[in-house]
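Engineer: So the chains spell out like this:
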Amino acid sequence: MRILDGGLVTTVQDTGRHGHYHIGMPPSGAMDQFAHKVGNWLVGNDESDATLEMTYMGADVEFEDDAVFAVTGAEMEPTLEDEPVPMWTAVQADAGDTLSLEFATEGARTYLAVAGGVDIVPVMGSRSTYTLIGIGGHEGRSLEAGDELPIGEPSADVDDVIGNSIDEADRPDYSTNEINVVMGLCDYRLTDEGRQRFLDADWKVSDEADRVGYRFEGPDIRDMFEEREQPFGAGTDVTNVVDLGYPVGSIQMAGQPIILMRDAVTGGGYTTVGTIVSPDRGALSQCRTHSTVDFNAVDVEEALEIRRERDELLTDIQESL
Amino acid sequence: MSEQTITRQELPSPRYEYGGDDWVFVELDEAMSFDANFKAQAITQEIRQNSLEGLVEVAPSNASYLIQFDPAVLHPDELIEELKSLEDEIDVSDYQWEARVFDIPVFYDDPWTHDTLMDFRERHQDPDATDLEYSAELNGFDSVEAFVDHHSGAPHMVTMIGFVPGLPFCFQMVPRDEQIEVPKYEQPRTATPSRAIGFGGAFTAIYPVPGAGGYQLYGRTPVEVLDVDQELSAFEESMVLPNPGDILNFRQIDREEYDAIREEVEDGSYEYNYDRVDFEPQAFFEDPDGYNERLLEVLE
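Taken in sequence, the protein lines are chains A and B. Everything in the first sequence is counted per UniProt numbering, starting at 1 for the first residue and increasing by one. Everything in the second sequence is counted per UniProt numbering, starting at 1 for the first residue and increasing by one.
If you're looking for bench data, these hints aren't it; they were derived computationally from the structure.
Simulated restraints on C-beta separations:
| # | chain 1 | residue 1 | chain 2 | residue 2 | range |
| --- | --- | --- | --- | --- | --- |
| 1 | A | Gly255 | B | Pro12 | 23 to 31 Å |
| 2 | A | Gly255 | B | Glu266 | 32 to 40 Å |
| 3 | B | Ser269 | A | Ala156 | 47 to 55 Å |
| 4 | B | Gly268 | A | Asp66 | 40 to 48 Å |
| 5 | B | Glu145 | A | Pro150 | 56 to 64 Å |
| 6 | A | Asp46 | B | Glu98 | 37 to 45 Å |
Here the structure is a predicted model, which means the values were calculated and not measured. The C-beta atom is built at its ideal place from N, Cα and C for all residues, glycine as well.
Assemble the whole structure, with the sequences as input and the hints as a guide.
Structural biologist: So this is what it looks like as structure tokens:
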């Protein structure tokens, strides 16, 4: 597969590079794991096979051999040889065909899964691109015109998957901006009133929203904090704590709230006040800059139930394919 | 150096916190201490060796630790019960581990971090001083030289790796009243040179890659703490140099030695000076000066 136009930011991603958080290595991997996994299943791949993640503006690619592909995630009006092709559907391409994707009309991230997967050498067990230190993916960076990506051997029944599609009802609604959060971690640093104001506020996704984290604009956070004599080693600012680990999905109060995503900084000295429930991290990654997010506090049992429902939906989809 | 012991810290009841549906964060103390850190290291080492299914990430931090798990396999309350029983069982003074002691040459007050800190004076508490001058005065030292002698005068324990891959947070192995404490920048810088030696709160950090940063800048090391291509011999097993629980000794060097080491690092021939020791917390607590001296003998 040859990249004709890399779009805005297009990277190779999979289910992530796990087990290295203690050396400061975030998992990376597809920001919207639902769209990534479903794309892979549509074309007969394993969920851990590598796809292309495109952000806001899609890439143009040329298939050098016959291929079966699926485009999932944000709507990017894909065309194959200038003919519209459906999203969330396995489509056949002939050698030499060009697939073009446009600006996302709803949502922010789109995935291109190709039968056989993007077959580059994994780094520490994953093909995911982590651009900060330049590992994984294609040369550890975003894709550019002229890059060539090898495609693996498709599964034996690849001809049977052509035309596979996901029910309209099972496709995510990227226009909803309600994000479930389990408050906690160091939220004892907020006053009760401050915690409530944090949850009640309208938070707008700022321009600084990428694979590392989503920074939000909204009310002043400093007066949400409880005054205290700072403990030894924490630093002098009211928002400082003794440097600690940040979960992926956690909200850190660094001047403004930042929600850490899959290329997270793994730790630091800002207060963390809660963690987005895992399926909603993917939903948040589809929230566009300048959109407003509504945080909904849930307890851990509700969070586990949201996760279970998501896992059941994924199992149903996988079995239907 | 004094002939003090390390005063043991009575830790409060840990805070066990849910991180969404798939993380548990445990804060052993709000304040930094060897007791809190050694306990975090001991519990995380034990839980790794435990046969508990469903663990994804186990990461000790300075006075806390973080665990990610698969909630389809392990309920967070089951994990927390296990962690509580480990917390009851573990006595930090009995706990030992194999640590590596590394010689880390540092060019203090180097031209590169100096240029950077001068570019960001408006974000600093004291725009008219350098970061070293500010830190020396705040901690009661007569001169920058005396401050640097103190920073390089006793080894530092790696108490956490994080922020970015390979970045060590280091806590100097001296009694509390000899610990340096310095605020972070009022507004973080947007630039920091790679291999900069920074200080914030009670921690020294080595920045593996260029980027943003809020720690006071003291110097630069010619050696790498991250080698993505694993070309240097010390990186045979991992692309990051130290692990939590390892010990770094910062050694003052001049420009000439900096350039000579840098050349060897760049051509891939540099051999790190390090060796392994069995670290015994109790012996360290009782006589930190004597213990540190014996630790550093392995570098000779």
